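Chemist: Read off the chains here:
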Amino acid sequence: MRFQSPQWPSHYLLAFLFIFIGSQSAFAEIKPKQIVMKNGLTLLLIERHSLPIVSVEVLIKSGSANDPADLSGVANLTASLLDEGTQKRSSTQMAEEIDFIGASLSAGANLDYTAVNLRVLKKDIDLGFDILSDALLNPLFDAKEIERVRRLILGSILSEKDEPTTIASRAFDNIVFANHPYQNPVIGLEASVQKMSRDDIVSFYQKHYLPKNALFSIVGDITEKETIALVKKYFAGWKGSSPIARKVISLKAQPRKTQLIDKDLTQTTVLMGHLGISRKNPDFYPVIVMNYILGGGGFSSRLLTHIRDNKGLVYSAHSSFNANSQQGSFEISLQTKPSNTNEAITATLQEINQILKEGVSETELAEAKAYMIGSFPLRLETTGKLAGLLSKVGFHKLGLQYFTDYPKHIEKVTREDILRVAKAYLKPNQMTLVVVGNLAEAKVKELP
Amino acid sequence: MMSNFRSVFLVPIVLLFLSVPLAHSAPNVTRTVLKNGLSVVLIEEPKAPVVTFQVWYKVGSRNERIGKTGLSHLLEHMMFKGTTMNGKGEFSRTVAKNGGTENAFTGNDYTAYFENFASDRIDLSLELESDRMVNLLIDTAEFGLESEVVKEERRSRTDDDPYSALVETLYATAFLVHPYHNPVIGWMDDLNNLSREDAYQHYKQYYQPNNATVVIVGDFKSATLLPKVIARFETIPKGADLNTRTPIEPPQIGERRVIVKREAQLPAIFMGFHAPNYKNPDTYPLSVLASILSSGKSSRLYKTLVYQQQLALDAGGQYEDLTTDNELFYFYGTPRPGITLEAVEAALNAEIKRLQSEKVADAELTKVKNQIEASFVFGADSNFARAMQIGRAETVGAGYDYLIAYLSNIRSVTADDIQRVAQKYLIEDQKTVGILIPKPKEF
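Protein chains in written order, with the numbering used here: chain L, 1 to 448; chain E, 1001 to 1443.
Isolated chain L, as found in the complex (with noise of 0.2 Å):
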């Protein structure tokens, strides 16, 4: 990949004009309803009736960013004990019920958001509802619940120091997210997961656990009758007043910092990278285009080609902008054995001082969109990737065209877009550098 061939062979230029077309019709099927019930849940539905299947996704606009100061992590917890006894059923019971009908049911938080997951067979979906709401209306909290699902996530903090990527993410989301929530890992540290109360995680549920602080995406073989049926049926009783809006921090740039991590392994992780872009950023289109080029995807990005395939210093290079609701990071992860790693740092910086210096060729852009947009219906198949992207969707409020309106955004995007979006959000003087590995061996140089 990573051989650029300066002409492209006359039969794949055609292709790639024809893409469009076959593509665009693609997109044009897919047009979510949204409804609004009485108690201000707002529902997002498309509908699917190949498969006799239902997938939906509850987000709770509120994640660990939410978290009060001191308690890191009470945002995971929560969502962790929704299925662990409610009013109605026992942790077990309620196993023993969706195991029975095949279903799965699943709750998580991230920064921004928490999602609640089922997946079901058609002809299950009205217990799938009923425990859907269950988990969310009636959860215990009980005592006893919190100290066992407590002890889980104390272990899996304690493992996590087992992987160095973990590690590296750790420590860089701590220099450059410093003094905002985005700092603090999701599942939280071991001193506020240590000490959280019952009465923390009750308060938080009741502050965020709101009809008016959620979003129902719904995906598969049902119908708006059907859907607002359920709905009625399952959580008109689910009431409360408007969420408090999250007091908003504002992020500012970090000083750059260095921080090396002495570990006994036989590669070294880098991970390096600034503040990147929030989701709303106007510019978040041709910014994903350039981190495409860059080292975004697939293995025709620079960094694949000049890092691995032209050197073979690494086996995964990868750069990203991981845009939220507020500003992501801009980051650059790699491995490689101890020796190489300097010259892995310097190879990577080579490529971000070459995108910002000279942009991109018409070429590469040209192909870059041609992947971005005839990809797109590959992350429609499923009714499980739908509803997760219907979601985010309604979460960063990109509006019911969005399927249609993405392609259009792609292909808008101009070589002068990218160079300009290169100087705006690449800052190689600003770079944090994160490394963990054998820190002797690796003999790390400070970035210049």
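Some clues are possibly wrong.
Examples of chain L residues toward chain E, derived with CB under 8 Å [unchecked claim]:
#1 I53
#2 L154
#3 L251
#4 G296
#5 F299
#6 R308
#7 I373
#8 S375
#9 F395
#10 L398
#11 G399
#12 E441
Quick list of in silico lysine-lysine cross-link-like pairs, BS3-like style, CA-CA up to 25 Å [to be verified]:
#13 L:K392 to E:K1047
#14 L:K144 to E:K1297
#15 E:K1439 to L:K161
#16 L:K263 to E:K1228
#17 E:K1047 to L:K122
#18 E:K1047 to L:K88
#19 E:K1303 to L:K144
#20 L:K263 to E:K1439
#21 L:K123 to E:K1297
#22 L:K161 to E:K1261
#23 E:K1297 to L:K122
#24 E:K1047 to L:K33
#25 L:K88 to E:K1303
#26 E:K1369 to L:K123
#27 E:K1261 to L:K385
#28 L:K122 to E:K1369
#29 E:K1047 to L:K31
#30 L:K123 to E:K1439
FRET-style restraints, in silico, Cβ to Cβ [unchecked claim]:
#31 E:R1411 to L:S250: 33 to 43 Å
#32 E:E1428 to L:H49: 50 to 60 Å
#33 L:S250 to E:A1141: 50 to 60 Å
#34 E:K1279 to L:D283: 54 to 64 Å
Don't read these hints as lab results, they were simulated from the structure. All values derive from a computational prediction rather than experimental measurement. Glycine included, C-beta positions come from ideal geometry on N, C-alpha and C.
With the hints as your guide, set chain E onto chain L.
Modeler: For chain E alone, coordinates are given in the frame of chain L:
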């Protein structure tokens, strides 16, 4: 490219899900064998305007010998490095600029390549995959570079991951002679010594149409697509018959126990029992048994070890029916901080004993069968997962018919069957235990 080795520990749910055959009752299935021996399976699935193409070669670490391990997987990487028709990197670039995703994976029994496209791009797969089935060039310098990439892959996936390192040691202990002894990614010393000639010879020997299966699932008409498949692939000459002999594992005659000590936060235990594959009808009760142990939060190992007794952070049991030769049925558990390995091992043994001494209740059996049937329907939502199931079944010799009959065979499993197979296979003399003991940091 990913190497698919036995890191079941990390992704038990995914693997369990994939181990259930997916809906194959679709009416629009075309199966044929071309004149050169290439098997072709086409499934029309018009639900979304996408298609997956996969080609499966019957070669993996099972075909490797000590001194040359890792060869199949390294060759998989070289398949992206250029043919007489397309230069280095052209394959991935062409797929990407047509909106496709591609990758490959290697296992004990197979090496497989795939592309996922919008359905109007399928001709590209036919062109690119038929080209590299026969025209691969392996450049010596490129081979040297890619060996380094694969060594990095080994370092991150195995050497720096305590659980993978443990599983690797467990297999090397449970299989003394059979090549399941070796890791798919290869031993590091072999990776240091493989040559370009080794890879090219491996390619010439195994990458033959009569040693491969093409599976295409998606939004197309088979009547139009099949002639195109024939036109692209049938011109490739049939290769020599492969008469390779695989060493036979002698019967295990007593428990084996192996310890891995390394820097780690928590200990872990794996227990593997020799078990039959799809060729033996006991495969159906063994599959149901694996579900009883691990499928969902009401499954026995979660409920007992994680929920009730709170001994483990995670625990499960795993069985794979679609392997070329007999593999392992295995159990695993990670003790929660403060709990000993001995306590987790005793709890796993108690669960095995319970399967042997008590019959599974009707409700539990019904639940597990419901779960397997539901997975069947959910799995049909992904073209890729369906194609993967078919490719694997064809490659290990079970064939498509095995998948067709699978659900009805699962439905006939009785509580007696489950008790019988638990008594027959989950026995101490057939057991290999691997334990991970954390060692304090040294430097």
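Chemist: Please go over all the hints and tell whether each is borne out by the structure.
Modeler: Comparing the hints with the structure gives:
Residue-level restraint check for I53 (chain L) holds (minimum Cβ-Cβ distance to chain E is 6 Å; threshold 8 Å). The beta carbon of L154 (chain L) comes within 7 Å of a beta carbon in chain E, closer than 8 Å, and the hint placing it at the interface holds. Among the interface hints, the one on L251 (chain L) is violated; its C-beta lies about 31 Å from the nearest C-beta in chain E, farther than the 8 Å criterion. The restraint placing G296 (chain L) at the interface with chain E is violated, with a minimum CB-CB distance near 12 Å, outside the 8 Å limit.
Because the closest C-beta pair between F299 (chain L) and chain E is about 4 Å apart, less than 8 Å, the hint holds. Interface hint at R308 (chain L): satisfied, since its Cβ lies 6 Å from the closest Cβ of chain E, which is below the 8 Å cut-off. At about 6 Å, the closest approach between the beta carbon of I373 (chain L) and any beta carbon in chain E falls short of 8 Å, and the interface hint on this residue holds. Hint status for S375 (chain L) relative to chain E: holds, with the closest Cβ pair at about 5 Å, below 8 Å.
Hint status for F395 (chain L) relative to chain E: violated, with the closest Cβ pair at about 23 Å, above 8 Å. Annotation: interface hint on L398 (chain L) violated; nearest CB of chain E at approximately 21 Å, more than 8 Å. The interface hint given for G399 (chain L) is broken, as the beta carbon of that residue sits about 22 Å from the closest beta carbon of chain E, more than 8 Å. A hinted interface residue such as E441 (chain L) counts as satisfied when its beta carbon comes closer than 8 Å to some beta carbon of chain E; here the least separation is about 11 Å, so the hint is violated.
Pair hint K392 (chain L) plus K1047 (chain E) holds up; C-alpha atoms about 23 Å apart against a cutoff of 25 Å. For the hint linking K144 (chain L) to K1297 (chain E), the alpha-carbon distance of about 17 Å falls within 25 Å, and the restraint holds. Pair hint K1439 (chain E) plus K161 (chain L) holds up; C-alpha atoms about 14 Å apart against a cutoff of 25 Å. For the proposed pair K263 (chain L) and K1228 (chain E), the alpha carbon gap of about 54 Å is over 25 Å, so the pair is violated.
For the suggested pair K1047 (chain E) and K122 (chain L), the alpha carbons sit about 17 Å apart, so the restraint of at most 25 Å is met. For the hint pairing K1047 (chain E) with K88 (chain L), the CA-to-CA distance comes to about 38 Å; that exceeds 25 Å, so the pair is violated. With a C-alpha separation of about 15 Å, the suggested pairing of K1303 (chain E) with K144 (chain L) holds against the 25 Å cut-off. The straight-line distance between the Cα atoms of K263 (chain L) and K1439 (chain E) is roughly 13 Å, inside the 25 Å bound, and the hint therefore holds.
Straight-line distance between C-alpha atoms of K123 (chain L) and K1297 (chain E) comes to about 22 Å, which keeps the hinted pair within the 25 Å bound. For the hint linking K161 (chain L) to K1261 (chain E), the alpha-carbon distance of about 17 Å falls within 25 Å, and the restraint holds. Among the hinted pairs, K1297 (chain E) with K122 (chain L) is consistent with the structure: their alpha-carbon atoms are about 22 Å apart, no more than 25 Å. About 20 Å separates the Cα atoms of K1047 (chain E) and K33 (chain L), which keeps this hinted pair within 25 Å; it holds.
The straight-line distance between the Cα atoms of K88 (chain L) and K1303 (chain E) is roughly 20 Å, inside the 25 Å bound, and the hint therefore holds. Taking the CA atoms of K1369 (chain E) and K123 (chain L), the gap is near 16 Å; set against the 25 Å cutoff, the hint holds. Between K1261 (chain E) and K385 (chain L) the alpha-carbon distance is near 41 Å, which puts this suggested pair outside the 25 Å criterion. For the hint linking K122 (chain L) to K1369 (chain E), the alpha-carbon distance of about 17 Å falls within 25 Å, and the restraint holds.
Distance hint between K1047 (chain E) and K31 (chain L) is fulfilled; the C-alpha atoms sit about 16 Å from each other, no more than 25 Å. With a CA separation close to 52 Å, the supplied pair K123 (chain L) and K1439 (chain E) exceeds the 25 Å bound. As the Cβ distance of R1411 (chain E) to S250 (chain L) is approximately 60 Å, the hint placing it in 33 to 43 Å is violated. Take E1428 (chain E) and H49 (chain L): their Cβ atoms lie about 52 Å apart, and the range 50 to 60 Å holds.
At about 51 Å, the CB distance of S250 (chain L) to A1141 (chain E) agrees with the hint of 50 to 60 Å. Taking the beta carbon of each, K1279 (chain E) and D283 (chain L) are about 58 Å apart, inside 54 to 64 Å as hinted.
Checked against the numbered hints given earlier, this structure breaks hints 3, 4, 9, 10, 11, 12, 16, 18, 27, 30, 31; the rest are met.
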